[in-house]
Amino acid sequence: MRRLLHWLLRSLPVLLMVIAWEAAVRLGLVGAALLPAPTTIAAAWWRLAADGDLLPHAAASLWRATAGLAISVAAGVALGLAMALSRTAERLVQPLVTFLYPLPKSALIPIVLVWFGFGHGAQIAVIVLGCLLPVVLGAYNGARGVEPALVWSARSLGARRAEIVRDVVVRAALPDILAGIRVALALGFVLLVSAEMVGARRGLGFLIAFLGETGAYPAMFAVVVTVMALGFTADRVLLAATRRLLRWREA
Amino acid sequence: MGRRDRRTRLADAALGAVLPLLLLAAWEIATRFALVSSFLLPRPGAVVVRLAEEIAAGTLPAAAGATLLRLTVSYGIAAVVGVGLGIAMARLRTVRWVLDPVVSIALPSPKISLLPVLVLWFGVFDTPKIVIGVLSCVFPIVAGTAAGAAGVDRHLIWSAENLGTRPGALLWRVVLPAALPQIVTALQVALPIAFIAVVVAEMLTGGGGLGGGLIEATRLADPAGAFAHLVAIGVLGFLAMAALRRLRRFILVWHEEEQRQGVII
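These protein sequence lines are chains H and A, in that order. The numbering of the first sequence is the numbering used here, which starts it at 5 and goes up by one. The numbering of the second sequence is the numbering used here, which starts it at 11 and goes up by one.
These are calculated hints, taken from the structure and not from any lab test. Just to be clear, a hint being listed does not mean it is correct.
Said to hold, decoys possible - Residues from chain H that keep clear of chain A, each with C-beta distances beyond 12 Å, as calculated:
1. 7
2. 30
3. 32
4. 154
5. 251
To be verified - Computed spacing ranges between beta-carbons, pair by pair:
6. 153(H) to 39(A): 44 to 54 Å
7. 82(H) to 69(A): 38 to 48 Å
8. 39(A) to 123(H): 23 to 33 Å
9. 219(H) to 102(A): 41 to 51 Å
10. 71(H) to 45(A): 41 to 51 Å
11. 245(A) to 90(H): 24 to 34 Å
In this text, a Cβ means the ideal position worked out from N, Cα and C, and glycines have one as well.
Given only the sequences and the hints, what does the whole structure look like? Please build it.
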């Protein structure tokens, strides 16, 4: 009860804004064509969902986001650790990483679309291209910051190299790895929606562009809200997972 | 710098060039022996020639100028608004109460999905591109600034107040400088995000710019043109980030962080 009250007080400004928005549209202060009222959007969302239009697109987007992020995390952590553990790997890869990091990855979308076509492959490739480097940097910076004393003690206790990497380095680098994944998650959603808007036949980004072009604005707003809610929820889930995984650190 | 230092540096540079050179060689071989269709991947030479042609004709600089202008305006607005709101959030309880839930919802959501909405409101010219740039990168700036300004050592503020510093001066001379490293970090994080958004907006709403030129080239099945634009975007992104890094060193010379090094980017 107390927690619910606290939550209500915290989100009160947002609730008030939604109410003000509804009132502004109802009173004719804003054209309903330009900004549909929240209730209109909710009704349009319900219609989209009930007609079965929303779910396949949402499923396509979620599948792409999950696959792209999973590949990025696996490859990114491996590469980042390799860079931190091996001086040769570091010298080989680091200049390329520093050079490619500031490239606005959205510029790759049209070229990847030409290469992979309009299916899942292109969207997943775009996500991987965008998400890989933040994870690499997280793992690299994290693993480089591991206290040498921890590694020494593990070694003197007879741990083998693989064990040290798994039980000491990865664990100590976990906060930075998770921070990198959080950046990658937000970036991945942006790139996914962009790529779907530029060229896809399924997915929420495609649906937004399609509904916008056909002038079905309440439905378009409904999908926009859905995408925003998905991005927000994914971030919250990751935060909760982070807190769980890092419980040992806080205590 | 000793001779040894110079030698390891040279070795570093040589090793760092291996991977890019290998990639270039693979690219050249794949295209020369037609292992990949030239429609998918143009020859490196063709891209270089195209870059030179477009620069000489002035089309590429014009597109880069349009993109840079949109980026600068949106990033500038986001920086001023974001730093202002972030400091207000850290110092004023009411502002924090209002903005906290807004930022926590808006920060992780993909703002780019609002682009069709912005086109509906502002048309297809510069305004929606600038607004999407601002929306995309303002929240990381607000969040970073608020965290930095809230973390300012209380003793600094108390001492200043004790010595009779007025609120305005306190903000300018104590809070802002003390939070500056984190603010600059937030600004560094925000720049590529604004760039990504502006490029996508150009791709989807036309109106020139590097993103517009890139999508046009792919639609016309002109791979050399597309790659020339891609290279231009990459170079612009790299230069912009390098400029920010330099700015950071310049405005934070006095800060102790400049004495240590470590974390890259």
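field: Hints violated by the structure (numbers, ascending)
entry: 10
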